[in-house]
Amino acid sequence: MTSQEALVNYTLRLGDTSLILAQRLSEWTGHGPFLEEDLALTNIALDIFGRAKALLEYAAKVEGKGRTEDDIAFFRSDREYFNALITEQPNGDYAKTIIRQALIDCFDLAFYTELAKSKDETLAGIAAKSIKEITYHKRHSFSWVNRFGNGTEESFNRLQKGLNEIWPFAGELFEMNEVDALLIKEGVAVDLSTLKANWEKEINQLLAKANLVAPEGTYVQTGSRKGLHGEHLSYILAEMQSLPRMHPTAKW
Amino acid sequence: MGVVNFEDLFEAKLAKNDIIEPKDWMPDNYRKHLIRQISQHAHSEIVGMLPEGNWITRAPSLRAKLVLLAKVQDEGGHGLYLYTAAESLGTSRDEMLDALLTGKAKYSSIFNYPTLTWADVGAVGWLVDGAAIMNQVMLQRTSYGPYARAMVRICKEESFHQRQGYELMTHLAFGTPAQKEMAQDALNRWWYPTLMMFGPPDIESPNSENALKWRIKRETNDELRQRFVNQTMPQIEYLGLVVPDKNLKWNEAKKGYDFSEPDWTEFKAVIKGNGPCNKERLASRNKSHSEGAWVREAAAAYAKKQNENYQAA
Chain D
302 MTSQEALVNY
312 TLRLGDTSLI
322 LAQRLSEWTG
332 HGPFLEEDLA
342 LTNIALDIFG
352 RAKALLEYAA
362 KVEGKGRTED
372 DIAFFRSDRE
382 YFNALITEQP
392 NGDYAKTIIR
402 QALIDCFDLA
412 FYTELAKSKD
422 ETLAGIAAKS
432 IKEITYHKRH
442 SFSWVNRFGN
452 GTEESFNRLQ
462 KGLNEIWPFA
472 GELFEMNEVD
482 ALLIKEGVAV
492 DLSTLKANWE
502 KEINQLLAKA
512 NLVAPEGTYV
522 QTGSRKGLHG
532 EHLSYILAEM
542 QSLPRMHPTA
552 KW
Chain V
12 MGVVNFEDLF
22 EAKLAKNDII
32 EPKDWMPDNY
42 RKHLIRQISQ
52 HAHSEIVGML
62 PEGNWITRAP
72 SLRAKLVLLA
82 KVQDEGGHGL
92 YLYTAAESLG
102 TSRDEMLDAL
112 LTGKAKYSSI
122 FNYPTLTWAD
132 VGAVGWLVDG
142 AAIMNQVMLQ
152 RTSYGPYARA
162 MVRICKEESF
172 HQRQGYELMT
182 HLAFGTPAQK
192 EMAQDALNRW
202 WYPTLMMFGP
212 PDIESPNSEN
222 ALKWRIKRET
232 NDELRQRFVN
242 QTMPQIEYLG
252 LVVPDKNLKW
262 NEAKKGYDFS
272 EPDWTEFKAV
282 IKGNGPCNKE
292 RLASRNKSHS
302 EGAWVREAAA
312 AYAKKQNENY
322 QAA
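Top line first, the protein sequences correspond to chains D and V.
The opening residue of the first sequence carries number 302 in the working numbering; numbering runs sequentially from there.
The opening residue of the second sequence carries number 12 in the working numbering; numbering runs sequentially from there.
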């Protein structure tokens, strides 16, 4: 694997993870539990789509085959997508969406803070811009986890159920392969093993504050680094890609 | 010194083009008219999120996705300011939402039509927002202060949406034959419903008289409709599209277009709840509201506990 191939794959991983998460979040637009939350979640989706666009643009540029970010987003199949499995999980109820978001935000804030120091200037620039946004996203998701955990019996039960469902997909965020190894050496990628202890500490504190218990001994689901996904992703892509694929020569 | 007559003072303010503020005395009918109009306007923004929201997950480029999502978010924001403006007249968000969800309150009938293709997203931005702006520009100078101020911000954003909608239509109209056909089909379906947005002909408009007298409204339905057609025709010609009206032609004498009236029977049917999507739109709002009930209850319960802890400390 060349450095260039590694960088394309790494950037796709980040771009796809952002794109699929934002796609899921945007399913809430117009359907939120009340107007202010509808707007807040849409705003978060917008930030993450913006990041996805910047990352996929960069992936296309590094790849150097004349593709655009839209070619990359709309003309790859699920086996060519590298988004983390946690992002493609269905939204479920608002508690599940929120706990998924909290686990990701906690990872993302630490991750992009480190990536902002990358020797790759484009990735560092995108990361630097994202830090402020993710800080707000994390404040939002963490405060709702706390509110649901300490709100009503129903909100607590829904939150615990959501956590049980989403938890097996969180561990994959820290998985590394030869792409990471190569790019860490070059000072481009973030060594994910250095983020894990702090993520666990912060998440344990959050769960404790919300009276939640993390499921014990859950097997970690993985596969996305190799383009192996669950059954949900091909449906997400079928919907998202339908129009460009029906009119492959069209400009929008 | 004589007894002050509040009604005379109110009339005098209107005559001087002064702004009425929430704490000022106002006649009951004026208050009721405004609550009805502003809350209907807010509901229209909220229900209007649905037909366009229908295409968010299928927007055909990343840029188009960002633009559409931001637009739908703006509509929600407009709903929020307008609910707040209506609350300043002594109603509550819960009361207004209840009226919407039970089908008592009206919202703009245009949103009871479906968005069948991506071109409809363009047509809604270009034509529907364009028509809305015609109505709303005059509301920036409406007599009630909080409404007028909300409209200043809303108009700015709506003009932006209209330009984005037109831009989307230009991509289609100058795109592939299939894209152009999509654009023409959208124009065919949205033309008459858009003309209906200005309301019934002046001779049949029940709410217009007071609205004009109170300077809530400043031009009549027919005047606005005519202006909309005059303004939109050159845009349609530029796109190379054809208006679905054989009677439409320039009238040199009136320096405006002659055009066919929309089908007012259909207009009345849609208002009465028989449009293609009335039931779906209301069902969708009700579903989100009822599925969100536990979220709102949890937030309230948490706030109450926080408050008790604060008091105890």
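Please note that the accuracy of each hint is not assured.
According to the in silico footprint, chain V covers these stretches of chain D (three or more CB under 8 Å from chain V) [as the list claims (entries may be wrong)]:
| hint | region |
| --- | --- |
| 1 | 330–342 |
| 2 | 346–358 |
| 3 | 370–384 |
| 4 | 451–457 |
| 5 | 538–550 |
Pairs of lysine to aspartate or glutamate residues, derived as DMTMM-like cross-links and limited to a Cα-Cα distance of at most 20 Å, are as follows [said to hold, decoys possible]:
| hint | chain 1 | residue 1 | chain 2 | residue 2 |
| --- | --- | --- | --- | --- |
| 6 | D | K552 | V | D196 |
| 7 | V | K224 | V | D35 |
| 8 | V | K265 | V | E234 |
| 9 | D | K418 | D | E328 |
| 10 | V | K298 | D | E328 |
| 11 | D | K527 | D | E476 |
| 12 | V | K43 | V | D19 |
| 13 | D | K552 | V | E192 |
| 14 | D | K486 | D | E422 |
| 15 | V | K298 | D | E466 |
| 16 | D | K397 | V | E302 |
| 17 | V | K298 | D | E422 |
| 18 | V | K298 | D | E338 |
| 19 | V | K260 | V | E234 |
| 20 | V | K279 | V | E263 |
| 21 | V | K315 | D | E455 |
| 22 | V | K298 | D | D492 |
| 23 | D | K462 | V | E302 |
| 24 | V | K290 | V | E302 |
| 25 | V | K316 | D | E455 |
| 26 | V | K43 | V | E106 |
| 27 | V | K266 | V | E230 |
| 28 | D | K418 | D | D492 |
| 29 | V | K43 | V | D109 |
| 30 | D | K397 | V | D109 |
| 31 | V | K315 | D | E454 |
| 32 | D | K510 | V | E319 |
| 33 | D | K397 | D | D492 |
| 34 | V | K316 | D | E454 |
| 35 | V | K115 | V | E291 |
| 36 | D | K552 | V | E178 |
| 37 | D | K462 | V | E272 |
Derived from the structure by calculation, the hints contain no laboratory data.
Idealized CB from N, CA, C, for every residue including glycine.
Okay, the hints, checked on the actual structure:
1. 330–342: holds (count 11)
2. 346–358: holds (count 7)
3. 370–384: holds (count 4)
4. 451–457: This one holds; 5 residues, not fewer than the three required, reach chain V with a Cβ under 8 Å.
5. 538–550: That given contact holds, which follows from 7 residues of the region 538–550 of chain D lying within Cβ reach (below 8 Å) of chain V.
6. K552(D) with D196(V): 18 Å, holds
7. K224(V) with D35(V): 18 Å, holds
8. K265(V) with E234(V): The given pair, whose Cα atoms are some 12 Å apart, holds under the 20 Å limit.
9. K418(D) with E328(D): 33 Å, violated
10. K298(V) with E328(D): OK: K298(V) and E328(D) at ~14 Å, within 20 Å.
11. K527(D) with E476(D): The hint holds at about 11 Å.
12. K43(V) with D19(V): 19 Å, holds
13. K552(D) with E192(V): 15 Å, holds
14. K486(D) with E422(D): 16 Å, holds
15. K298(V) with E466(D): Roughly 24 Å separates the two Cα atoms, so the pair is violated.
16. K397(D) with E302(V): Roughly 13 Å between the alpha carbons, so the hint for K397(D) and E302(V) holds.
17. K298(V) with E422(D): 46 Å, violated
18. K298(V) with E338(D): 16 Å, holds
19. K260(V) with E234(V): 17 Å, holds
20. K279(V) with E263(V): 33 Å, violated
21. K315(V) with E455(D): 16 Å, holds
22. K298(V) with D492(D): Violated - the C-alpha atoms of D492(D) and K298(V) are around 44 Å apart, more than 20 Å.
23. K462(D) with E302(V): 16 Å, holds
24. K290(V) with E302(V): 18 Å, holds
25. K316(V) with E455(D): 16 Å, holds
26. K43(V) with E106(V): With a Cα-Cα distance of about 14 Å, the restraint between K43(V) and E106(V) holds, given a limit of 20 Å.
27. K266(V) with E230(V): 18 Å, holds
28. K418(D) with D492(D): 12 Å, holds
29. K43(V) with D109(V): OK: K43(V) and D109(V) at ~17 Å, within 20 Å.
30. K397(D) with D109(V): Distance ~27 Å between K397(D) and D109(V) Cα, so the pair is violated.
31. K315(V) with E454(D): OK: K315(V) and E454(D) at ~15 Å, within 20 Å.
32. K510(D) with E319(V): The hint holds at about 18 Å.
33. K397(D) with D492(D): 28 Å, violated
34. K316(V) with E454(D): The hint holds at about 13 Å.
35. K115(V) with E291(V): 16 Å, holds
36. K552(D) with E178(V): The hint holds at about 12 Å.
37. K462(D) with E272(V): It is violated: about 56 Å lies between the C-alpha atoms, which goes past 20 Å.
Of the numbered hints stated above, those contradicted by the structure are hints 9, 15, 17, 20, 22, 30, 33, 37, listed in ascending order.
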